[in-house]
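If you're matching them up, the sequences are chains A and B in order. If you read the first sequence in the numbering used here, its first letter stands for residue 1, the second for the next number, and so on. If you read the second sequence in the numbering used here, its first letter stands for residue 347, the second for the next number, and so on.
Treat the hints as calculated values from the structure; they're not laboratory data. Everything numeric in this text was worked out from a predicted model, so none of it was measured. Each hint should be verified, as a subset may be incorrect.
With a straight-line cut-off of 25 Å between C-alpha atoms, the simulated DSS-like cross-links for lysine-lysine are [stated by the list, open to error]:
1. B:Lys659 <-> B:Lys739
2. B:Lys427 <-> A:Lys207
3. B:Lys643 <-> B:Lys427
4. B:Lys427 <-> A:Lys246
5. A:Lys207 <-> A:Lys166
6. B:Lys511 <-> B:Lys595
7. A:Lys246 <-> B:Lys531
8. B:Lys659 <-> B:Lys745
9. A:Lys258 <-> A:Lys173
10. A:Lys207 <-> B:Lys659
Just some of the chain A residues that point at chain B, by a computed CB distance under 10 Å [said to hold, decoys possible]:
11. Ser125
12. Gly126
13. Pro137
14. His138
Here are the in silico distance ranges between beta carbons for each label pair [to be verified]:
15. B:Gly397 <-> A:Asn9: 26 to 36 Å
16. B:Glu636 <-> A:Ser41: 47 to 57 Å
17. B:Met347 <-> A:Asn9: 37 to 47 Å
18. B:Ser556 <-> A:Glu255: 35 to 45 Å
19. B:Lys532 <-> A:Lys28: 41 to 51 Å
20. B:Gly485 <-> A:Pro137: 55 to 65 Å
21. A:Ala112 <-> B:Thr755: 55 to 65 Å
22. B:Pro729 <-> A:Ser320: 53 to 63 Å
23. B:Asp738 <-> A:Leu341: 54 to 64 Å
Cβ coordinates follow ideal geometry from the N, Cα and C atoms, glycine included.
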Amino acid sequence: MSSRLSAPNLQLNELGKIKHFLTLEGLKQHHLLEILDTAESFINPQTDEIKKVPILRGKTIMNLFFEPSTRTRTTFEIAEKRLSADVASLDIATSATKKGESLLDTLWNLQAMQAHMFVIRHAESGAAHFFAQHVAPHVHVLNAGDGQHAHPTQAMLDMFTIRRHKGDIYDLKVAIVGDVLHSRVVRSQIQALSILEAREIRVIGPKTLMPTHPEAMGVHYYDSIEEGLKDVDVIIMVRLQNERMKSALIPSEKEFFKLFGLTKERLALAKPDAIVMHPGPINRGVEIDSEVADGPQSVILQQVTYGIAVRMAVMSIIMSNAAQLAQHQAEQAYLELETELKEVTE
Amino acid sequence: MRLAINNGRIIDPSQNLDKVTNLYISRGRIVGISDEIPEGFTADQEIDATGKWILPGLVDLQARLGDPGNNYAGNIASETKAAVAGGVTSLCCPPDTSPVNDSQAVTELIQRRARQAATAFVMPIGALTQGLQGELLSGMYSLQQAGCVALSQANQPIQNPLTLKNALEYAVSHDLVVMLRCEDKKLKNNGVAHSGPVSSRLGLPAIPPSAETTALARDLLLVEEAGIRAHFSQLSCARSVEMIADAKKRGLPVTCDVAIHQLHLSEMDVLGFNSLFHVTPPLRSMQDKEALRMGLKTGVIDAVVSDHTPLEKDDKLLPFGESKPGISGLETLLPLLLKLVHENQLDLMTAVRSVTQTPASILGRNIGSLDKSNSADLCIVDPNATWTLEADKMQSEGKNSPFIGWEFTGMVEQTLFQGRPVYRNNPV
């Protein structure tokens, strides 16, 4: 029955610190704040430039992308290089059906090339958990998106963006608009917002794009954007994939925009100083009007920049936690040796 | 060879029997149950079963034996060994073999291998359609002649209602049991977990209960129209139990079963992405689980099956959605049923009946009963022994059980098939 509990614990080490970064579920507020504070330290407050630091010199990070991605992969690579790590990126075709053995063999082979950390994106929900269960104890797994389950670094960079522009997340009302059902980003955002105790989290969209049990995620569901945007501090728009029309979940992009597109008029329903976010790439005229996307309340491009700092933060925290654990274990061993010696001399 | 099993508590629902007495076997058949030795009977061997239970050998309506083909782990020899280790002496194997059991040749092959293994009574189920493709009817009469006891589509239900209507109407004149699993492929839509709070949270593609219930509603109407006796396999939803109850009330000749794991597990177990909990139909909500338990208690659900699906290690060494669904369940069918009895969820007689008398009567066979002149298929259970399921002690080639590490009370100590010992827990 222990398997029921393995999900939240798998990513923490004996000292309760982050070992693998798979999902935000099960993490505590202090874990998230540590990431946000560390990310802050990588950004020059005057110029917004991100420094290069030698924290991960001599460490090898491998980016395994079982699903194509350009932006996430690029920001990861930049973040890794800014930390002075050695980087290898692999695109592994998803088309070929993978036998279990060969999937794990791939992982173990790369592990044997002295990898210290794997950044993994995969089309199956739970894939990052699967890999974390099978890597060697000294190897770390960082989830760069698994199926429709989680994309924790994206959510953390969104939290970072909110905190930079709106201050403490505590007390904020946040509305997430669009395809919640298929979005790993939204799942992670909701978890981050709950852990950071946002005052209210709303999800807005047609019922066909909502999970069956939004209340299980701790959110309020609105099927009208006008209702849902009232008095919110933060609006997060979600990208609408083309496949949704093909699978008859919504009639057309045009109708979606009519019902849920973020226009200037609708934005005016939110608090006057509300910010507009989007994980990108945006579909102009589908989920968001150009006027809003490029307008003064939009922080969409800042999000991308912060993505580098936040990913640097997560990776450096994982490695320093590992170092701390190693030191702790050495100290424990030393203490044990000392007591043993005492017993012998006595 | 004459055998006397003395002083055991004999529990046989087919005779409404539950008493401590003796059982006598001669030439592989039961010759009597009584306190006194039948006239002219001298035992060559005696077994002292004091403090033990004697149950009819279990009848399992759905157990994959991995033979022929490489779809599953194991083969008839290994999996029938697993069966008798779990007290199961008669079992039906679904047609999703490789090649599919849609021809006399495959049916005969299965029976020949089962006879060679001589460990348990194997009853092949033939495919309702050629290649299980759901398009062309299989040679049902030939399959019956070759020895198929029922017809089914295994886990590939017919999607086209006209094909199903024709299949049922054709089958009705051969008096074959038709077993239907209900699932609408379009509503299942690549789903891998029950659409509930857990799949919402984990982002696992969801299977709504309607994937089962709409198909069940359709199938019930077609069954009624064809006037055929039908058996519904592996129900998973509360609503399905209600629908079967209604159909029975209306007098339709329908029966149904549930897989034993559905009575113990729920969607909550999927948290953690453990692929051992990936099954089809999916583990549903706690309410569904309760409704299934209640259905069994009240007799709406007639039988319990293992839905034994032995898999290779690699089949489960994958992320949840990519792993093969299924549980290696023969060895835990009886233990999990007894667990329900210990937890006061079910009375012992109903529990035993659901794996002996009712499945036997669904098949219309003289099995699962200790009545006089029946084949001496039985198991001796130590009701007080506690034990823990361990992978390397499983007889099945498939070690894919989510129940590994679970503690059970009640252990199969010995199993007899046609009067011969085919399994002994403590070889002296």
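Status of the hints after comparison with the structure:
A hinted pair counts as satisfied when its Cα atoms are at most 25 Å apart, and Lys659 (chain B) with Lys739 (chain B) qualifies at roughly 15 Å. A distance of roughly 51 Å separates the Cα atoms of Lys427 (chain B) and Lys207 (chain A); the hinted pair therefore is violated under the 25 Å criterion. Proposed proximity of Lys643 (chain B) and Lys427 (chain B) is contradicted: the alpha carbons are some 30 Å apart, above 25 Å. The straight-line distance between the Cα atoms of Lys427 (chain B) and Lys246 (chain A) is roughly 50 Å, outside the 25 Å bound, and the hint therefore fails.
Taking the CA atoms of Lys207 (chain A) and Lys166 (chain A), the gap is near 30 Å; set against the 25 Å cutoff, the hint is violated. Pair hint Lys511 (chain B) plus Lys595 (chain B) holds up; C-alpha atoms about 23 Å apart against a cutoff of 25 Å. For the hint pairing Lys246 (chain A) with Lys531 (chain B), the CA-to-CA distance comes to about 17 Å; that is within 25 Å, so the pair holds. Between Lys659 (chain B) and Lys745 (chain B), the direct Cα distance comes to roughly 7 Å. Compliance with the 25 Å bound is thereby established for this hinted pair.
Taken as a hint, the Lys258 (chain A) and Lys173 (chain A) pair is honoured in the structure, with Cα atoms around 24 Å apart against an allowance of 25 Å. The straight-line distance between the Cα atoms of Lys207 (chain A) and Lys659 (chain B) is roughly 39 Å, outside the 25 Å bound, and the hint therefore fails. The beta carbon of Ser125 (chain A) is positioned within 10 Å of a beta carbon in chain B (closest approach about 4 Å), and the interface hint is therefore held. Of the supplied interface hints, the one on Gly126 (chain A) holds, with its beta-carbon coming within about 3 Å of a beta-carbon of chain B, less than 10 Å.
For Pro137 (chain A), the interface hint is violated, the least distance from its beta-carbon to any beta-carbon of chain B being 19 Å, above 10 Å. For the restraint placing His138 (chain A) at the interface with chain B, the shortest Cβ-Cβ distance is roughly 21 Å, beyond the 10 Å limit, so the hint is violated. Between Gly397 (chain B) and Asn9 (chain A) the beta carbon distance is about 43 Å. The supplied range of 26 to 36 Å is therefore violated. In this structure, Glu636 (chain B) and Ser41 (chain A) meet the distance hint of 47 to 57 Å, their C-beta atoms being roughly 52 Å apart.
At about 56 Å, the CB distance of Met347 (chain B) to Asn9 (chain A) disagrees with the hint of 37 to 47 Å. Taking 35 to 45 Å as the suggested C-beta distance range, the pair Ser556 (chain B) and Glu255 (chain A) does not conform, at roughly 25 Å. A beta carbon spacing of about 43 Å between Lys532 (chain B) and Lys28 (chain A) agrees with the range 41 to 51 Å that was offered as a hint. For Gly485 (chain B) and Pro137 (chain A), the Cβ-Cβ distance of about 57 Å falls inside the hinted range of 55 to 65 Å, so the restraint holds.
Taken as a hint, the range 55 to 65 Å is violated for the pair Ala112 (chain A) and Thr755 (chain B), whose Cβ atoms sit roughly 46 Å apart. Take Pro729 (chain B) and Ser320 (chain A): their Cβ atoms lie about 56 Å apart, and the range 53 to 63 Å holds. Separated by about 41 Å at the C-beta atoms, Asp738 (chain B) and Leu341 (chain A) break the suggested range of 54 to 64 Å.
In this structure, the hints that do not hold are numbers 2, 3, 4, 5, 10, 13, 14, 15, 17, 18, 21, 23, in rising order.
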